[in-house]
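Trainee: One-letter residues, chain by chain:
There are 4 protein chains.
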Amino acid sequence: MIVIVKPEASAAQLEQLLNRIRELGLTPMVSQGAERTVVGLIGDERLVGDGVLESLPAVEQVMPILKPYKLVSREFKKTDSIVEVRGIPFGGPEIQVIAGPCSVETAEQMRQAAAAVRAAGCRLMRGGAFKPRTSPYTFQGVGDEGLDFFREAADAYDLPIVTELMDVRKIDVFLEKRVDVIQIGTRNMQNFDLLKEVGRLNVPVILKRGMSATIKEWLMAAEYIAAHGNHRIIFAERGIRTFETQYRNVLDVTAIPVLKKETHLPVIVDPSHAGGKAALVAPLAKAAIAAGADGLLIESHPCPEEAWCDADQALSPEQLTQLMGELRRVAEAVGRTL
Amino acid sequence: MIVIVKPEASAAQLEQLLNRIRELGLTPMVSQGAERTVVGLIGDERLVGDGVLESLPAVEQVMPILKPYKLVSREFKKTDSIVEVRGIPFGGPEIQVIAGPCSVETAEQMRQAAAAVRAAGCRLMRGGAFKPRTSPYTFQGVGDEGLDFFREAADAYDLPIVTELMDVRKIDVFLEKRVDVIQIGTRNMQNFDLLKEVGRLNVPVILKRGMSATIKEWLMAAEYIAAHGNHRIIFAERGIRTFETQYRNVLDVTAIPVLKKETHLPVIVDPSHAGGKAALVAPLAKAAIAAGADGLLIESHPCPEEAWCDADQALSPEQLTQLMGELRRVAEAVGRTL
Amino acid sequence: MIVIVKPEASAAQLEQLLNRIRELGLTPMVSQGAERTVVGLIGDERLVGDGVLESLPAVEQVMPILKPYKLVSREFKKTDSIVEVRGIPFGGPEIQVIAGPCSVETAEQMRQAAAAVRAAGCRLMRGGAFKPRTSPYTFQGVGDEGLDFFREAADAYDLPIVTELMDVRKIDVFLEKRVDVIQIGTRNMQNFDLLKEVGRLNVPVILKRGMSATIKEWLMAAEYIAAHGNHRIIFAERGIRTFETQYRNVLDVTAIPVLKKETHLPVIVDPSHAGGKAALVAPLAKAAIAAGADGLLIESHPCPEEAWCDADQALSPEQLTQLMGELRRVAEAVGRTL
Amino acid sequence: MIVIVKPEASAAQLEQLLNRIRELGLTPMVSQGAERTVVGLIGDERLVGDGVLESLPAVEQVMPILKPYKLVSREFKKTDSIVEVRGIPFGGPEIQVIAGPCSVETAEQMRQAAAAVRAAGCRLMRGGAFKPRTSPYTFQGVGDEGLDFFREAADAYDLPIVTELMDVRKIDVFLEKRVDVIQIGTRNMQNFDLLKEVGRLNVPVILKRGMSATIKEWLMAAEYIAAHGNHRIIFAERGIRTFETQYRNVLDVTAIPVLKKETHLPVIVDPSHAGGKAALVAPLAKAAIAAGADGLLIESHPCPEEAWCDADQALSPEQLTQLMGELRRVAEAVGRTL
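Top line first, the protein sequences correspond to chains V, C, R and F.
1 is the number of the first residue of the first sequence in the UniProt record's numbering; add one for each residue after it.
1 is the number of the first residue of the second sequence in the UniProt record's numbering; add one for each residue after it.
1 is the number of the first residue of the third sequence in the UniProt record's numbering; add one for each residue after it.
1 is the number of the first residue of the fourth sequence in the UniProt record's numbering; add one for each residue after it.
A portion of the hints provided could be inaccurate.
Copies of the same chain are indistinguishable here, so a pair counts whether it falls within one copy or spans any two.
Heads up, simulated DSS-like pairs for lysine-lysine below, C-alpha to C-alpha not over 25 Å straight-line [said to hold, decoys possible]: (1) K216 with K261; (2) K177 with K261; (3) K261 with K70; (4) K77 with K216; (5) K6 with K177; (6) K277 with K6; (7) K216 with K196; (8) K6 with K261; (9) K196 with K6; (10) K70 with K170; (11) K78 with K261; (12) K196 with K170; (13) K196 with K77; (14) K67 with K261; (15) K77 with K6; (16) K261 with K277.
These aren't lab readings, by the way, just hints derived from the structure by calculation.
Next up, chain V with everything else stripped away, as it sits in the complex:
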């Protein structure tokens, strides 16, 4: 950590700063520059709380040198981590596609959905029994029973299931239904109590990026999970909020190579929520793979026009099958398989 001293700071104020640094257990090293005095802190800068040094009168600016995340960082572990879901590897040369409906509706819909997901060649299935909806007046998900529909349909086609957890009180049900991958949604990326709880489980977690979360905040959210013991974390970029409103979100493809450099954990992309339109799924999915993503989360539905939510962004079984073919070619072009 480096502290820039105000040019007008008095000797007493500088002394107060140096004492405070020592109190925190670090060693200050003063460098007198032409226009500014700079103090370097020797020791573990993570001991310094937010704003503590900034509150002193001598301080113009505080610059951290170390990254605030540790367990999830590439520095901590140099090689790529593979997160396995019932033998299916995320983070290796093989790209994984998780497909399925936005929400679980009926047992029959889930059976048809699972059949289509398997037929298209996807290896995992997604679907939500509990739905975070902007309006209290719209469909909120089928609930516990939905997990049964999902489990049964997926088992028939031997597909591990991925589903979103929003409430700590539902963890027992999730364990009982043997949910294979727990998804933490964009609105809960900084629901720290939820992160701590999934950190205590031995279940892989897909951590979606918050709507306006920085890369650093996202890595810190994963660090919460890892710090509580669960290192099986998969990052999922799903588009960020910007000034542009012609499409739902802006898919941040730059986040893919940047994350792959900052962390050893796998990174997947959700092109369906990013674009918010079925017609945008194919170009965004291809871009994600070309940029180095380890997998995709895609919404598909046996009959998109009849879907109970997000009807305009789900792919039909035919569209999903066609897309898988196209993605395979892009994957091979960047030296991977699908």
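Add chains C, R and F to chain V, keeping to what the hints say.
Mentor: Using the frame of chain V, we list chains C, R and F on its own:
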């Protein structure tokens, strides 16, 4: 709701659209324009799910006419709602200032803080026993015991207490400790399970705006609370996330008059988290009152430099007292009291 | 255009609205809904100025139905337009890569740069003689003489040249030096006088997206050029400004398929300015092609570490050659050539 | 400037970095920390071009210590600068309100507008003869003749005039018509050739903030003007672009105290363009003054409903007069006059 039809849509596709509208329980009214055909929907457009019509091949664009929120809307209730906290009114001519530390630290710190809050003329006190922190390695709050320190200190000075709830499992403790106002923080604005639960309580709620929440999403989050029975809601603007990084957030003063027009509920402002620096609190607090805010949430600490979190944004007792004097003059200039 | 009438509007206010619509040369059609009265406008809604109807007391909201752009729209011309630069087609199945240094430095540097661009298999060359720099104290470009260095070096390798125009007073020099493609930079996307002047030329134009320009504003900027007679326009996405500051900009890949749907004109991508780091150029360039871009603008330099500006984002000759090979595979995977 | 060295950098790479720093005319000072090596640069860090050090293999991160602006900085000149316009001071205790129509329409309209501006107690007048419009098909301004209408009307009421310059080729006409204050609009904040030219004039300049310009970029744009000799610069905050679309822009009131700290130059606010609605002008104008603004730019029109542009945001003469009374009270509450 109005649907713009694609210029290239076939007669069969248009027919499919009209049938779907009728299935949803609404009546379509077709207008043939020079360049576009437009279909108006007569009936309750809230019956139409997101994306349902957009998924049809005939549809170019769907435009809602009605606002998606109801109970919290100015249309539903024309006159200003007063939310009373132990007799202290939010939303009337009197402006309320809630002050206190970022986090509860010790019994002694809370006593000193309460004394200073009362001496400065503020009528309520804030403080967090559970802290949402970006890093798992920083101070996470004192926990349940902190509520005791808070309750005791505030009672000694007859100050109602405002504190943040992050976890549904803590509601019982909050009720037991007689928390006067529950704060829902920015990271939980769309934690829908939490919103539903506080919606079932008979305790006033301060609902902070999500970091990148639109006015509409914020009103919908309040609608969740209201729809579950609790109408005692106070909106708190606390700065939004933008491209500017020289200060922590951008205080959105425009939100104040816009909310006052859209909803009958009170609107307060948190200038401390908005600016993130003690020096910015006074100008932002004055701006908020000048723009029509009904109250303020201000961080203060008996000794800011010693604060366990956000040390650089808390006001000292002297600064708080001076600010209250300055705010009183601005309040009077806009025809209010403080 | 559709006008939503306030529920509380009086009959006289509604009448005033209808009269104003007729004065503007359009025909109003009133529909009485359950909760709102809606007025449709029959005729050319482009006749209605911004804010004219909004200023009337009866009006709650005005919703345009037509797109404000015409000549550049896909509706105006259904088939893809090919913009040819000395026989090299933009917008067809072949993807074009334009490479070269950020700024023209010396005759020798440009000769080496041109040799490397040609050797790598790129078909056009970029370079700036006039540089838009944030600081008045940094290198502002070599100026007129730089165009000579550029012209000469590019001619030796038969490469058409692309260079940025910032000042209307430089158009004569650009014509004299036979600049093949004029680039309008991100800071000038809404420099309307400049757009009008290049609209009067018969030279292809690359129009970069403004740092926070919406798709609609970008299309309107192109419409300025087209409306003055020049239809040879190429859009260049170069990253947008968001809350994320870990990388320079966020490359908006979604803009590619959206633009290809909205306009018949070609769309290229600048991965160098988007990411701002040499290491990000390859993944972003691949993503752009996978998403459907018609070309790329890439910074390269004979010796990046010695570059006079943006030294950390230019590719070396070896990196450029290697990237071209990788891009060729991605291009083929999406059915195109490079 | 401080350079963080990569933990994996070799001794040779570190040596290369130190040599490069010496070549640039600075002295490197190496500090070996527990987890990182840090190199401080002694000398004028402004000599180091963007990206030069970042391009070296040893470098993890480069952190500037000095601010890149100089002449406009508070460090350069500690006391507030007063910019006088024909004897009217900007930047002192008196707050200045500049009012008038969005665009010059006719001689008669300008006469009525000037009478209303003077009657309301405003001391300067605004109006545009050349209008930057998003669409090439909407009214582009009356042109040169408009400046005559404006000059004549303003002279009759002894009001200095403020008008926007978009094109360097119009400077002679502006000088000939004796424009009192030249406004640089939001879309031209980084039109560097225009900034250089107004930097060579002896006419006060109002520099509007770019739609998504950071405080630092805005200060650097002013530095361009100052570096070319013209120090009579007034900053004008006019709202920034964010994710929120319910109002035109988000007025950034935080920018006011931050700028007042960073620069010695005056800061005014344009509440009309910020909110984009007449009803928002009063609350935003009051907030601006409460936050410390030195003046306001307000749109007013003799008959807003008939205005040729931005009809929904102009105040009527009565509204302007009433607002001036309200603003006077707020100004006095913060110790200023109006």
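Trainee: Which of the listed hints are broken here?
Mentor: 2, 5, 9, 10
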